[in-house]
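J.: Could you build the full structure based on these sequences and the hints that come with them?
One-letter residues, chain by chain:
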Amino acid sequence: MSTHPDTGRGADPRRRGIAGWFDPRGRRLGGWAFALNRLSGLGVLLYLYLHLVILSTLASGAGAWNDFVALASSPVVLAFDVVLLAGLLLHGLNGLRVTLMGFGLVTGHRNAMIVALVLIAALVALGGAARIFGMV
Amino acid sequence: MDARTAPQVVIVGGGGTGGALAHDLALRGIRVVLVERHGLTSGTTGRHHGLFHSGARYAVNDPVSAVECIRENRILRRIAPGSFELNDGLFVALDDEDMAYRERFLPACEAAGIPVRWLTGPEARRCEPGLPDGIPGAAQVPDGTMDALRLPLRFFATALANGADIRPWTEVTGVTGSAGCVTGVRVVDRPTGRTSEIGADIVVIAAGPWAGIVGRLAGVDVSVRPSPGVLVAMRGRACNMVLNRLHASGDGDIVVPQRGLSIIGTSSWLADDPDDLGVPEDHVARMLAEGTRLLPALRDREIRAAWSAARPLIGDRGASSGRALSRTFKCFDHAVDDGVEGVVTIAGGKATTLRGMAETAADVVVRKLGLEAPCRTAETVLLPHTAFHRPAEAA
Amino acid sequence: MTTTVDPAVRAAGAATRVLRVTRTPRGAGGDGGGGDLARQHGRRGRSDGFEVPAGSARTTVLDALTWARTHLDPTLDVRHACYHASCGTCGVRTDGRAVLACVTRLADLPEGDITVEPLRNQALISDLVVDIEALYEGFDAVGMPLVRESRTVPGSRPAPGVEGLTRFEDCIECGLCVSVCPIEASDAAYEGPAVLAAAWRVVEEPRHADPERAFALVDGDQGAWRCHLATECTEVCPSGALPAEGIMHLRRGLLRHRFRVAFARLRVGANGAGEPGGTP
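Protein chains in written order, with my numbering: chain A, 1339 to 1474; chain B, 4 to 398; chain C, 14 to 293.
The set of hints was computed from the structure by calculation and includes no laboratory data.
Among the hints, erroneous ones may be present.
What the hints assert, rightly or not - Some chain B residues near chain C, calculated using beta-carbon distances under 7 angstroms:
| no. | residue |
| --- | --- |
| 1 | G49 |
| 2 | R50 |
| 3 | N90 |
| 4 | D91 |
| 5 | R128 |
| 6 | E131 |
| 7 | Q143 |
| 8 | A151 |
| 9 | P194 |
| 10 | D278 |
| 11 | A308 |
| 12 | A309 |
What the hints assert, rightly or not - Output of the computed footprint for chain B on chain C, the stretches with three or more beta carbons under 8 angstroms from beta carbons of chain B:
| no. | segment |
| --- | --- |
| 13 | 61-75 |
| 14 | 149-163 |
| 15 | 171-178 |
Just so you know, these numbers come straight off a predicted model, no measurement behind them.
Yeah, the Cβ is synthetic: ideal placement off N, Cα and C, and Gly gets one too.
T.: The structure is reproduced here in structure tokens:
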């Protein structure tokens, strides 16, 4: 509807593509949640890939796996685990919010929902961090 | 008329007058080029409070204008349906003096053909609960609200669809031709800086309070002085009907509802530069004081905006030499006034009478061109304002 | 980057602010070709500084811009008409935020120089003037009536002889929502929050327009389903037109619409008009 074939009218050459998702100026809570959802989605996707790669080390035998487990117990990797947990929580809860709103089931309390989900994610992630680091 | 041999008229000024004139001339088969230095309706037209006149405001002191207004009111409802808030208006009496004015007001409306009905205080407050307690009553008339941009834009859209060349961001820098005979205008396309010339059989100056400045560029004397007034928009829609004070016109005696806003107007003073009007703070205070007398609830509302708009006040020279085709506006044929062929000026008028003004001006233009072409704008329903931006292929 | 100053203003010692306005290059004299391309492709024009008087608490960004145009640089292009947030023509970005210049007071903006840029996601005509043609094409296609019959003043009644109360729609076609929408930023084909909100208004209150047609227009990959609920549109709307909510209502309406159509088809099939639906 908005791109004329001959003149290209409507297609704004100044559009910045994906970079437009992350311009901080003038952004409100909803815009940050949007950007965060994309980042966490990419992050979780990256994790999934890594996860499969790591699992595939099983094929190289017990030695390779044991090496990995030793690495995985280091504080740096555990910290990444907490970040992963937070990312999963944020992405999941945000996704729930988007589903409710996106089908017009909930139309009010936009910002309240975002604040609530971030708080829940933070609490659970903190609890999770305690357990993760406690396991070592 | 063959499009190639049809005469070409250049209209300088993209306000309501220019737009309605472009539409009228285009319908008569004349080639129209309209140039406006900034955006359409960026001058006085865009800034008014949106009152869609019934003419009642003029019934007592200017019955000729009143008759014009009610006639144009009816025509606009027909040719621009869906472009108005049509909740009628009230002339509200607040005190005994207002009730005395009523004795002149009601018969004057009837004489002008303006439908008027007297409502008692309780009846009026049932329609408008925001009116003050204990008012003696109000006169109901067919006032309304128009969208100051979008109504004229319908004229521009229809003109465009009928072949007119509408060029905003195009500024006149001078005229072409020899002394005593103007043959066109010199313009600069502001975005690119590109200059060019546009030929014209007649140049019509429809630049409102800037008519004097444009006239100087054309070598003619147009004595128009800006007479601005302050308007104040309050947040929140506090009434549906236009509320006027039932007295001889004064400052701040009208509240016009528009979308989610209530607009209080207006005042009057004389300025020199139409581009530098200012917003006198005491006028803003006066608007608030008077407006809250009609609608006390406005006292608790926030000011959304306070701005000035300039009426074009036609000077004395104009009064004697310009042909007063109506009390509300004047048309100057500079061949007669200044000995310069090919230039005509139209100035004055009300937003409500834009079509009627254009008809009379177009009649003058057409007569000067030696043509027979009747006006058809009173029966032609206008395109929606969104049509102005339709791609040429789809128009 | 230059800052233009009026010596008389300086001499008067009045309070001033500096506006840093993005400009587009002008083609030289009769050429203009280079200017066109530069404008279209957003090649960074210069940023001009204008020192404007700011003594009054009421002075708005639009007042400042037109003052600069009158007193400092007549070539500055800025669009305006109503001066009271009803026409929607003066949208700009101040310090990165999309606003209507006519109701944004200098006094309410943070200290220091004020950056003024054109709105995003719409082609640029000149300086701060964007091309609203694409936006209007969408509005034209949807055909939302300008006048509505709901949300008039509560408690009021039509005067004798008046059929029903009417008022103008909230949406003033300003394009601020288009400027802030992250999907608009990355995808020119997206119908956008303004047009979608207009379609919702047609469905919610058809008047003489056709709600089915509005549904059909927005039921697509680039329509109501393309929105990802950043809700920046509703946050920025100066008129309370609630575009984000409109899109969500559209989706719910579209779902119901689709269910209805699907069930109607099933019912037709079950009534034996076609093949048997399955073995009993």
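J.: Against this structure, judge whether each hint is valid.
T.: Okay, the hints, checked on the actual structure:
no., hint, verdict
1, G49, "holds, 3 angstroms"
2, R50, "holds, 5 angstroms"
3, N90, "holds, 6 angstroms"
4, D91, "holds, 5 angstroms"
5, R128, "violated, 10 angstroms"
6, E131, "holds, 6 angstroms"
7, Q143, "holds, 5 angstroms"
8, A151, "holds, 6 angstroms"
9, P194, "holds, 3 angstroms"
10, D278, "holds, 4 angstroms"
11, A308, "holds, 4 angstroms"
12, A309, "holds, 6 angstroms"
13, 61-75, "holds (count 3)"
14, 149-163, "holds (count 8)"
15, 171-178, "holds (count 6)"
Hint check: a violation occurs at hint 5 only; the rest are consistent with the structure.
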